[in-house]
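Chemist: Residues per chain, in single letters:
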Amino acid sequence: MESKVAYENGLNLKATELRLGLPGTDIESEEQALSSARNNKRPLPDNSKECGLKGSSDDAQHSDHETAPPAKAQIVGWPPIRSYRKNNLQPKKGEAEASGIYVKVSMDGAPYLRKIDLRVYKGYPELLKALENMFKFTIGEYSEREGYKGSEFAPTYEDKDGDWMLVGDVPWDMFMSSCKRLRIMKGSEARGLGCGV
Amino acid sequence: MNLKRKNPNPDPSSPDSDESTQLSSPFPDEVLERVLSLLNSRKDRNSVSLVCKDWYDAERWSRTHVFIGNCYSVSPEILTRRFPNIRSVTLKGKPRFSDFDLVPPKWGACVHSWLLVFATKYHFLEALRLKRMTVSDESLKFLALSFPNFKALSLLSCDGFSTDGLASITTHCKNLTELDIQENDIDDKSGKWLSCFPENFMSLEVLNFANLNSDVNFEALERLVSWCKSLKVLKVNENITLEQLQRLLVLAPHLREVGTGSLLQELTPRQHSELKSAFSNCKNLNILSGFTEVTSIFLPVLYPACTNLTFLNLSYAVLQSDELSNLLIHCPLLQRLWVLDSVEDEGLEAVGSNCPLLEELRVFPASDPHEDEIVHGVTEIGFLAVSYGCKKLHYVLYFCRRMTNAAVTTIVQNCPDFTHFRLCIMNPRQPDYQTGEPMDEAFGAVVKTCTKLRRLAVSGLLTDLTFEYIGKYAKNLETLSVAFAGSSDWGMECVLKGCPKLRKLEIRDCPFGNAALLSSFRKYESMRSLWMSGCKVTMNGCRLLAQEMPRLNVEVIKECGNDDCQADKLYVYRSVAGPRKDAPPFVLTL
Chain A
-15 MESKVAYENG
-5 LNLKATELRL
5 GLPGTDIESE
15 EQALSSARNN
25 KRPLPDNSKE
35 CGLKGSSDDA
45 QHSDHETAPP
55 AKAQIVGWPP
65 IRSYRKNNLQ
75 PKKGEAEASG
85 IYVKVSMDGA
95 PYLRKIDLRV
105 YKGYPELLKA
115 LENMFKFTIG
125 EYSEREGYKG
135 SEFAPTYEDK
145 DGDWMLVGDV
155 PWDMFMSSCK
165 RLRIMKGSEA
175 RGLGCGV
Chain B
348 MNLKRKNPNP
358 DPSSPDSDES
368 TQLSSPFPDE
378 VLERVLSLLN
388 SRKDRNSVSL
398 VCKDWYDAER
408 WSRTHVFIGN
418 CYSVSPEILT
428 RRFPNIRSVT
438 LKGKPRFSDF
448 DLVPPKWGAC
458 VHSWLLVFAT
468 KYHFLEALRL
478 KRMTVSDESL
488 KFLALSFPNF
498 KALSLLSCDG
508 FSTDGLASIT
518 THCKNLTELD
528 IQENDIDDKS
538 GKWLSCFPEN
548 FMSLEVLNFA
558 NLNSDVNFEA
568 LERLVSWCKS
578 LKVLKVNENI
588 TLEQLQRLLV
598 LAPHLREVGT
608 GSLLQELTPR
618 QHSELKSAFS
628 NCKNLNILSG
638 FTEVTSIFLP
648 VLYPACTNLT
658 FLNLSYAVLQ
668 SDELSNLLIH
678 CPLLQRLWVL
688 DSVEDEGLEA
698 VGSNCPLLEE
708 LRVFPASDPH
718 EDEIVHGVTE
728 IGFLAVSYGC
738 KKLHYVLYFC
748 RRMTNAAVTT
758 IVQNCPDFTH
768 FRLCIMNPRQ
778 PDYQTGEPMD
788 EAFGAVVKTC
798 TKLRRLAVSG
808 LLTDLTFEYI
818 GKYAKNLETL
828 SVAFAGSSDW
838 GMECVLKGCP
848 KLRKLEIRDC
858 PFGNAALLSS
868 FRKYESMRSL
878 WMSGCKVTMN
888 GCRLLAQEMP
898 RLNVEVIKEC
908 GNDDCQADKL
918 YVYRSVAGPR
928 KDAPPFVLTL
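From first to last, the protein sequence lines stand for chains A and B. Taking the working numbering, I'd label the letters of the first sequence as residues -15 to 181. Taking the working numbering, I'd label the letters of the second sequence as residues 348 to 937.
Just chain B, with the same shape it has in the complex (with noise of 0.2 Å):
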């Protein structure tokens, strides 16, 4: 139920009236907040939003969820008093490069003082999904005590808690519906957490809880999910065993997805086919995930349940060739595929010749590459079988130790869909592997070809050239992720010059300096953010760009050891809530 709010019938002499009664729609508010109440993406509801006052207005009374890409470009107050009738929040912190390790420990992004302005303004609040944020066991309790109508929490790479605080949650969230805990830098002190849910719990429908590796108690979890008949998703953790599974999947035949835990167990043959059947009576699996320590003993227990898989994510499976390809033959139907480089090329040749409908594969390193002394991996060879077989590829991740610029060539004309290429070569600078020369012409090829590409990750030896072509080219381009790249600042104003949707751009170990950061400065108030580590920037050409530009966040991370000139760390991003007011010391705001 809205909240009542302004006056239906306005005062034609008032100054909020003026242009906008005269030309005011011609059906009532409450029709237009009807109409509008159906638009989900948050792009069109944007651009509603500015047609006119009237129709801000209604927008805004009718949105019920909000979408923040950078937590600090917006402050909870000026939220809520623009959204007054919020029931789900996303909302991301941290630059994406604090998941590998560039971002210092209490940086910020705390979750908490938004949760204070919600308990008052978002009564109502049902969905919170946080990524890279901070959050407290603290934050999580007020969570629990604060929305009496909670339903789903997600925490994606966030930190800060403990499992103390998933028990608050568990105690105290009488309509949960959904708990997705992944891939957090949490403490993990106990699975107690799960047994706190009440006795006649009912309302899950997703739970994940892979990522957590302490035990939980299986009776509690048992009792779960045979209470809880909506229950779509489930991923439990490592100590679940291959009985226990069974015993929950035909609890829970209904459901879409499932993560196991552990498959590092022989299984008699009883249990070999009872469990062959659970999965097969899941006749709406699917995704499917986990499949950690596997052995190619327990994956024909698979086959019956991968008719109707459309995701699998085998990226913690450490699998060779012949157990995928195995795999694979059961798949027809697989659109999105996560695997580990030591399936090799020949394992990505199956998919290749398996999967017809595959739409997006990514492939990640099997072991520390510092580390390993043999090569294994995948190289262009498996990139380019997958490409003759999979015509609607639009989405890849690949981690491979060697490429050439022939093959991304060959790559894009068999699949010109691309809308996100992310292509990392494991060694940095690595040249075309058989030429010797930068991969600049496998890029320009890249955004020569695929018009559509939103979202663009470069590698391996590059000159400035490849930023010309991107700059050129990359009309639609949003993203962009360079590492060890370029030759001079030129290759970064190319960049800003020429990518008209550019709305992130990370960068690092670079050698773009103040020159290029202040080619154009403007460029920033259309982006999200700029993170620049590892590059030429000094303090004084920050300080500038601060100057010029008052309405962008500049701040620096300082860390102890550095010249006090460079500017090691910079993160440049626009906001209309100032600079930041819980800086910790080694950030500076210029």
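For reference, chain A alone in the conformation it holds in the complex (with noise of 0.2 Å):
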């Protein structure tokens, strides 16, 4: 009866109107109200009692504040999934990405690889730059026409599709969104790519 009265004090009056169909922003406020319940702002009239067990229930309130404070509506303990199962959602699908993007560097004639995390860096000067002190050579400069010109070596790079491109035509997040391998090409296929198709 007590919850009744609170909601018809005007605070809750799209929560008791009916309505079927799929969940919108509506239901929120529902929700709200009964998330309310569990954060202390229950809109109860009588909240001046006080309540004797502040001390420990203080812990206990803490507990139900893991969540953040509802700006989309959440519901303590909902939907019903361990707390270790749920720290590891990831909130939004390209998180796990998000975590370093490594990709393999080869040159020819090194006789290993390195791995680096593209995501180090800000943009293609910072790349090649750190290629470059890499293996420990020096990479010409690039013009859009003529690809890299002033050295025997030309950065490549694997695409999603499987072809080989050369590093720099593309703006830097597409690049590094579709950036498989890097191999640094040496003499004359180097040479190869750098003329316009």
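Mixed in with the good hints there might be a few duds.
Cross-link-like lysine-lysine pairs, in silico, BS3-like; alpha carbons within 25 Å at most [to be verified]:
1) A/Lys133 / A/Lys120
2) A/Lys70 / B/Lys453
3) B/Lys498 / B/Lys521
4) A/Lys70 / A/Lys113
5) B/Lys453 / B/Lys488
6) B/Lys822 / A/Lys99
7) B/Lys819 / B/Lys844
8) A/Lys88 / B/Lys623
9) A/Lys164 / B/Lys623
10) B/Lys623 / A/Lys70
11) A/Lys99 / A/Lys88
12) A/Lys88 / A/Lys113
13) A/Lys106 / A/Lys144
14) A/Lys120 / A/Lys88
15) B/Lys851 / B/Lys822
16) B/Lys498 / B/Lys623
17) A/Lys88 / A/Lys70
18) B/Lys623 / A/Lys144
Keep in mind the hints are simulated off the structure, nothing from the lab. Note that the coordinates shown come from a computational prediction; the quantities given were computed from them, not determined experimentally.
Got two chains here, separate frames each, mind docking them using the hints?
Modeler: Here it is, written out as structure tokens:
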């Protein structure tokens, strides 16, 4: 009975509105009313009674406050999955990839490969500099028309389609998401790439 | 060797003997005990103990394993008095909703008081399996030092301890065969516990540290695996690389169950083929799990190992439908599958097509449904597809975004043998998305068709009709979970009056009040427990219940800020141990 009175106090009219259909923002206000019961924002008129158990209950509330305050209404303990599993949920689909994009780097003539994290670099200049340092060589000047001029090396990469592309042609973000591995080509092969197709 | 007990020649004039000696069994007690020691099922043992006093005695002396579903239903003193020869104990503590943060911390279920009694009464204790108990490092140390024969420790969904406690176990338990640490709220300080195993330690058969995040010393792990020739289960954590895993598999090709580490690595072709060959050499491999941060490049490595797989746990792997599909083609013998809903309906269609022997399916949400703006996940389509292809399906846990009455009706017609049906439509009170009607008919179909149903979890928009159906048809139902459902007290009354085998009833956020609670108060003595939170019961109603039923523990968890009249969280359970002596201030025993 008490809770009904609270709702009729004008704070949750939407919650009492009967609606069917797919849940939209309207259901959220109902959830908000429910979740507010969990985090002490219950719209009860009579909140003046001091609870003598305040000390230990504070702990209880902190545990209920694990979830952020309802921007989009959160219900404590819903959906019913164990905390351990919940903590392993990915908030966004891309999150798993966001934690480091490691690609192999090979250089023609070098005995072994290296591995770099593309996320570490902010753009092509930094990447190329890093490659130069790693393999102790110099890359020439990049131009759209002629590729890398002034050195016998050309940085290339294999993209998602399996094609070998010249590093630098596409925007950095596109490169990061499509690059599968890097190869620093040497000699005539490298020069071949530089000429206009 | 059983301890000697009563006089084999009972004095007919002694008060104990009465009719049991006149009607006593024609063979000596030792024989009876021998026969009874072959009984493993606890239901059978309970039945046996009710036959007559002789059988009760023979059973209690021959029992070596005891299962306690609610640690507060009995005291360690009563337990040890009845069963003197226990070697293995399983203890469950907190109410199940504590897994979902509905029970405040420091609620209780501490194992320590049990260990103190066991140390004197069960000196030869070998195994302890705890679920939802509070375990301290001090308890773990006490355990490690008090039981010279201790062999197996399993901790699931427990809290209160750190990796220091694990170190006590690995340091002192010379005969350890099993260490299974799963989904606990553990203070993960370091992986040093693994290095505490003695140098020539050989007895380990089960090692599961998949849910611990600290680095362990790989050399120590490698040494352990190479020495423990009986190792059957090895589940490593995320920090173990693919290369390290490959080395471990080469050392232990006899493994039955493997949990992988992190799979987010690129492999050279040589590494790829070495790993593939290591997996295919594991001829006994039945169970695979782990798969955190999996990439599709890795999965083909597993294909040769999948031929004999019976259980595949992909519930931490964000797989797409085609990745799952390609994997399942190689798993014809699969009986149990756990996946994330990232595989979507298409992935489940692949399940239906490739896994004819499937008996259990669990589909967990891959992302937080509150945060995910885009609607992904699975729907009724996936579930239907599985039901058409997997006729042996009897256990399902299904988190979905939408469902229809028609689909569920068809599903249970395809698979009438469900024993466990746990459906979670993730938006509370969501109706049938096609008709806009409540989901009553869906669950009606479940209980009418699935006569073997033992466990049911309901969701979606439900009226009292659902509970009428459950009360009327679910005659074998033992566990019922209800959330955001029902219209009035009548719903709960139907269940309490109708389900004769009901043991556990857990309810949250339903409009059930005192009338429902008190409608069948005698019922609770035949049940393990009742949980009601966010419902309409009041303190007065609970007090009435406590008055009527003195052998029940009626506990209310009081949280500050709530109306003093409302009993926001109610936990009722039967007990022979009387009210709790260790209740914290926020738990009121009425």
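Chemist: Check the structure against each numbered hint from earlier and tell me which ones fail, lowest number first.
Modeler: Those not satisfied are hints 4, 6, 10, 16, 17.
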